[in-house]
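S.K.: Sequences and hints are given; from them, build the entire structure.
In case you want the letters, here they are:
2 protein chains.
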Amino acid sequence: MSDLLIKNCSVLQLNNDGTGAEILTDRDILIRGNLIEAVQATALADESHFRTCIDAKGMLAMPGLINTHAHVPMVLFRGLAEDVPLERWLNDCIWPIERYLSEEDVYWAMLLGAIEMIEAGVTAVADHYFYMDSAASAVEKVGIRANLGWAMFDWMGESIIERTSAFVRQWQGAALGRIRTMMAPHAPYTCNDDFLRATVKAAEKLGVGIHIHVSETKEQTSASLVSRGLTPIQILEQTGVLGVPTILAHACGATPDDIKILARYPTGIASATKTYLKLGMDLTPVSEFRQAGIPVGLATDGAASNNTLDLWESLRLLAMAEKLRWGNPEVLPVAEAISIATVESARVFSRVEKLGKLASGYLADLILIDLGKVHLQPDRNILANLVYSVRPEDVQTTIVDGQIVMRSRQILTVDKAEVIARVRSILKRLTLRQKES
Amino acid sequence: MSDLLIKNCSVLQLNNDGTGAEILTDRDILIRGNLIEAVQATALADESHFRTCIDAKGMLAMPGLINTHAHVPMVLFRGLAEDVPLERWLNDCIWPIERYLSEEDVYWAMLLGAIEMIEAGVTAVADHYFYMDSAASAVEKVGIRANLGWAMFDWMGESIIERTSAFVRQWQGAALGRIRTMMAPHAPYTCNDDFLRATVKAAEKLGVGIHIHVSETKEQTSASLVSRGLTPIQILEQTGVLGVPTILAHACGATPDDIKILARYPTGIASATKTYLKLGMDLTPVSEFRQAGIPVGLATDGAASNNTLDLWESLRLLAMAEKLRWGNPEVLPVAEAISIATVESARVFSRVEKLGKLASGYLADLILIDLGKVHLQPDRNILANLVYSVRPEDVQTTIVDGQIVMRSRQILTVDKAEVIARVRSILKRLTLRQKES
Numbered sequence: 001m002s003d004l005l006i007k008n009c010s011v012l013q014l015n016n017d018g019t020g021a022e023i024l025t026d027r028d029i030l031i032r033g034n035l036i037e038a039v040q041a042t043a044l045a046d047e048s049h050f051r052t053c054i055d056a057k058g059m060l061a062m063p064g065l066i067n068t069h070a071h072v073p074m075v076l077f078r079g080l081a082e083d084v085p086l087e088r089w090l091n092d093c094i095w096p097i098e099r100y101l102s103e104e105d106v107y108w109a110m111l112l113g114a115i116e117m118i119e120a121g122v123t124a125v126a127d128h129y130f131y132m133d134s135a136a137s138a139v140e141k142v143g144i145r146a147n148l149g150w151a152m153f154d155w156m157g158e159s160i161i162e163r164t165s166a167f168v169r170q171w172q173g174a175a176l177g178r179i180r181t182m183m184a185p186h187a188p189y190t191c192n193d194d195f196l197r198a199t200v201k202a203a204e205k206l207g208v209g210i211h212i213h214v215s216e217t218k219e220q221t222s223a224s225l226v227s228r229g230l231t232p233i234q235i236l237e238q239t240g241v242l243g244v245p246t247i248l249a250h251a252c253g254a255t256p257d258d259i260k261i262l263a264r265y266p267t268g269i270a271s272a273t274k275t276y277l278k279l280g281m282d283l284t285p286v287s288e289f290r291q292a293g294i295p296v297g298l299a300t301d302g303a304a305s306n307n308t309l310d311l312w313e314s315l316r317l318l319a320m321a322e323k324l325r326w327g328n329p330e331v332l333p334v335a336e337a338i339s340i341a342t343v344e345s346a347r348v349f350s351r352v353e354k355l356g357k358l359a360s361g362y363l364a365d366l367i368l369i370d371l372g373k374v375h376l377q378p379d380r381n382i383l384a385n386l387v388y389s390v391r392p393e394d395v396q397t398t399i400v401d402g403q404i405v406m407r408s409r410q411i412l413t414v415d416k417a418e419v420i421a422r423v424r425s426i427l428k429r430l431t432l433r434q435k436e437s
Numbered sequence: 001m002s003d004l005l006i007k008n009c010s011v012l013q014l015n016n017d018g019t020g021a022e023i024l025t026d027r028d029i030l031i032r033g034n035l036i037e038a039v040q041a042t043a044l045a046d047e048s049h050f051r052t053c054i055d056a057k058g059m060l061a062m063p064g065l066i067n068t069h070a071h072v073p074m075v076l077f078r079g080l081a082e083d084v085p086l087e088r089w090l091n092d093c094i095w096p097i098e099r100y101l102s103e104e105d106v107y108w109a110m111l112l113g114a115i116e117m118i119e120a121g122v123t124a125v126a127d128h129y130f131y132m133d134s135a136a137s138a139v140e141k142v143g144i145r146a147n148l149g150w151a152m153f154d155w156m157g158e159s160i161i162e163r164t165s166a167f168v169r170q171w172q173g174a175a176l177g178r179i180r181t182m183m184a185p186h187a188p189y190t191c192n193d194d195f196l197r198a199t200v201k202a203a204e205k206l207g208v209g210i211h212i213h214v215s216e217t218k219e220q221t222s223a224s225l226v227s228r229g230l231t232p233i234q235i236l237e238q239t240g241v242l243g244v245p246t247i248l249a250h251a252c253g254a255t256p257d258d259i260k261i262l263a264r265y266p267t268g269i270a271s272a273t274k275t276y277l278k279l280g281m282d283l284t285p286v287s288e289f290r291q292a293g294i295p296v297g298l299a300t301d302g303a304a305s306n307n308t309l310d311l312w313e314s315l316r317l318l319a320m321a322e323k324l325r326w327g328n329p330e331v332l333p334v335a336e337a338i339s340i341a342t343v344e345s346a347r348v349f350s351r352v353e354k355l356g357k358l359a360s361g362y363l364a365d366l367i368l369i370d371l372g373k374v375h376l377q378p379d380r381n382i383l384a385n386l387v388y389s390v391r392p393e394d395v396q397t398t399i400v401d402g403q404i405v406m407r408s409r410q411i412l413t414v415d416k417a418e419v420i421a422r423v424r425s426i427l428k429r430l431t432l433r434q435k436e437s
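Which chain is which? The protein sequence lines are A and B, in order. Using the numbering used here, read the first sequence as starting at 1 and increasing by one per residue. Using the numbering used here, read the second sequence as starting at 1 and increasing by one per residue.
Simulated from the structure, these hints should not be mistaken for lab results. Owing to the predicted nature of the structure, the values given are computational and were not obtained by experimental measurement. Treat the hints with care, as some may be off.
Copies of the same chain look alike in the list, so a pair counts if it works inside one copy or between any two.
Derived pair list, reagent style DSSO-like, types lysine-lysine, alpha-carbon separation capped at 27 Å [said to hold, decoys possible]:
1. Lys354 with Lys7
2. Lys141 with Lys416
3. Lys218 with Lys260
4. Lys7 with Lys57
5. Lys428 with Lys141
6. Lys416 with Lys373
7. Lys373 with Lys428
8. Lys57 with Lys428
9. Lys141 with Lys373
10. Lys373 with Lys7
M.R.: Next comes the structure, spelled out in C-alpha cells:
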C-alpha cells in the first residue's frame, strides 16, 4: 500500500537540459514514504491502494520552492528598519535589538517564518542564524525541509566553531533526513582569515559545506581590495572556504575575475533581489554567473529587509531586475526563470539529485497551485503565470518529504494562532528591553 | 437610518500635509448612501440605526486603491507576449490579435479585470481602451468606479473623435456618478497634431479631460526631437492638450524641461513600474515629478504587460525602483509611498476632493485589510506592511460608492464562474481566428 495519491492534476515537467519546462495535463502523482514513486497518466492508479488521496483537478503540481538564503527568525524584526542603508540597517537597527533574543524567541520566530513559507509554497530553506538548536526544533515540528547554519563572527572567539560543530553533529540528518546543516561564518569582513581556515577544517572534518555572505556590494569589494589587495571572493579561495560545497549569499559585488574563480569550485549563489532594491545595494550579476556555469538560486534573505518570505516575489523581481540591468526584455526569459526557481535553486541548496523536479525517485516536496484564480485567467501561458502572476495564496497544498503540511490553505502541523500570539508577546518584551537599555 | 456601519477597525489616517499617515485604532466608520458620514471612536454609534453592520475587529480600513492607468480588457492577452521589446510587443503580438476583438469580448474581459481589481482592493480605475460602451456596461454591473476613455489613433480618421464624444455624452456621470469619462487619444506618435487639436476642442466642449500615453521611453523622446524638434510633451503643450485636465501615462522619457512645462498645467502622471521592468523600458522620474509638484499615481497598465492588475505590487515596485534608480534606500520612504497610493493617486485620477482619504464627506470607497495574516506579523509597522508586505488576498472587503462589492473575499455583484468561463471561450475563438488569418 502506498501513502499518497494526487490525482487529476497538471504537472510542471522540467526539461532535462535545463532550458525550461512544459505543462503535462491529466496526471496522477504516486507517493510512497518520502519519495515520488511515479508521475503517470490519470486513472492508471487504483485509489484503494493509497492511504490518502487528493483530488487535484484544476491544480498544477510543481516542485516546492526552495529558499536558498534566509534568516527566518528575523520575521520578528519585520518593519523595524525601513528606508535606511545597509550599514545603518545593521548597526543602528538590527544588531542593537538582536542581542536581546533568547533561544525560545528563535523557536517561535522560526515557526512563524516557516508557516509563512509553507503558506507560500516554500518547502525547503537554507537558514543562517543564531540559536539554531531552537530553529532545528521548530523545523522538526513544522515539517519544512531545512539546511541550517549557526551564524558565527570572529569576535565570538574560536570556541564558537566548536559550539556550532556540536550543532552540526547533533542535527545533521535529523527529522528523518529533512534537516541538514552547514557551517555558517557570517562573511569575510566579519570573520578573519584564521577564523575562516579553522571553520573550513571543522567543515571538512564534519563532512558539511559552508553557507556564508560574500561581496554584498561593490563597495565591499573595493574596500577589501584597498585594505587587503584581495576581493572577498579571493579571500574565500585563499582560506580554503571554496574547497568545500558552499552557498554564497548575494555576491552582488563579484568581479569578472571572481566569477572565473568561482566557476572552478562546487558553489552556488543565493540571490535576494528585494533586499538589494530596498537597501539600495547592487544587484547580483545573475546572467554572468549563469554563463559561467555557476547556479543562481532564489532567496528572500530575512523579513527585516525583504519584508516577507514570498519566494514568488523573489522570482519575478530577479527576472525583472535582470531585464532592467541589461536594458533588455529578452534577458532571462520565462523558461529560464522557471529553471532558476526549480532545478537551479535545488543545485544551490546542494540537493539537485533529489529536489527541484517531480520525477520518480525524487523527494516528495511539492505544491498544488489553483489554476482557477481570476488573476491567472485566461490560462494561455501557465509558465508566464508562474513567473509573473502567481501569489502565495494560489498555493492550496504543500507537501514536504511526503507529508501534507498544508491542505486547502490550512496548516496541519502546528497551531498557527498560538504561534502568532507568542511572537506578538516576544515583540513586546524585546521592545521593552531595548527601551530600558 | 444610515446605511452601513463598519465597527471596531483600525483606520489609515492620511496627514493633511501629504507627509504620510498614521494608524488610528478602535474606530467606527459610518456610511450614508455613497458618502462617509463620520469616522469616530468605536461604540459611539447605535448599531440598530444601520441597515448593515460589519464587525471589522482586527482589520485596517483604508481608502480603496486607485489604478490611474490601465487597459483592463487586455486581461484577455495575459501571457500572450513575454520577453519581447515594446515595439515587437505591440506590432507582432498585441495588435494582430486585438483586431479580432468584439464589443462583447470587451464586456466580459472588463468584468474579469474588474473582479481581479476588486479582489485586490482596487476601487477605481482610469481605463483606456476600445469598445468602451461595453466597458462602461461592465463597470455599471460590477460596481467599481471608473474614468473611461475610448482609445483613438489618427489612422481611424477624425470621425472617431465624434464617435468617442458620443460615448462621453452618453456615459459621463452614469452609474449614479461612478462613471466619468475622458477623451483618449493614444499618444503623440500615433495621433498627429491636427488630430490632437480636434480632440482638445471636443474635450473642451464636453467639459472633460484627456487621458493619453506620452514619452513612454527616452528613445521616443529622442526620436521626436530628431523628427520634429519637439519632445512629445512639447507637442502636447503646442496642440493644447495640456490646457485641459490630463492623465499622462508613463512619461518615462520626460526631460527636465518637460517637467518644468508640465508643472504649469493641471496634470498627473500614471506610473506602471512592472511594465517598464518587463519591457526593458526606462523608469518614470518619479522624484523629479514630485519635486516639481506634479502628482504621480499608481498604475498597472494592462495585464498583457504587467501580468496582473495587482496595485500593491505596483506600489512596492514603484518605491523600490526609485530607490534603485537613485542608488539610495532613503529615497521614497514608506510615508511617501502611502501618500502616492492614496491622495496622490486620487489627484491623478482627478477626484482628490472626494477620494483618497477616509473622512467625512468623502466618497465611501474603502477596503478592509486583515491585519492578522502570518506575513504581517508581528504588526510593529503597519505602514511598512502596506507598502512591502500586503497582498491582494489580505483585502477582505471592498466597498465602492457605499456598496459592498466584495465581502469576506466573495464577489457580490457578478457571477465570477460565469465570467471566467466566458473569457476562456473568447480566448479560444480569438486564437482560432488568428490562426485562420
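S.K.: All hints are to be evaluated individually against the structure, with a verdict given for each.
M.R.: Right, here's what the structure says about each hint:
no.	hint	result
1	Lys354 with Lys7	within (22 Å within a copy, 52 Å between copies)
2	Lys141 with Lys416	within (12 Å within a copy, 39 Å between copies)
3	Lys218 with Lys260	within (17 Å within a copy, 35 Å between copies)
4	Lys7 with Lys57	within (7 Å within a copy, 40 Å between copies)
5	Lys428 with Lys141	within (25 Å within a copy, 47 Å between copies)
6	Lys416 with Lys373	both (25 Å within a copy, 10 Å between copies)
7	Lys373 with Lys428	between (38 Å within a copy, 18 Å between copies)
8	Lys57 with Lys428	between (45 Å within a copy, 21 Å between copies)
9	Lys141 with Lys373	between (31 Å within a copy, 21 Å between copies)
10	Lys373 with Lys7	within (20 Å within a copy, 30 Å between copies)
The earlier numbered hints are all upheld by this structure, with none contradicted.
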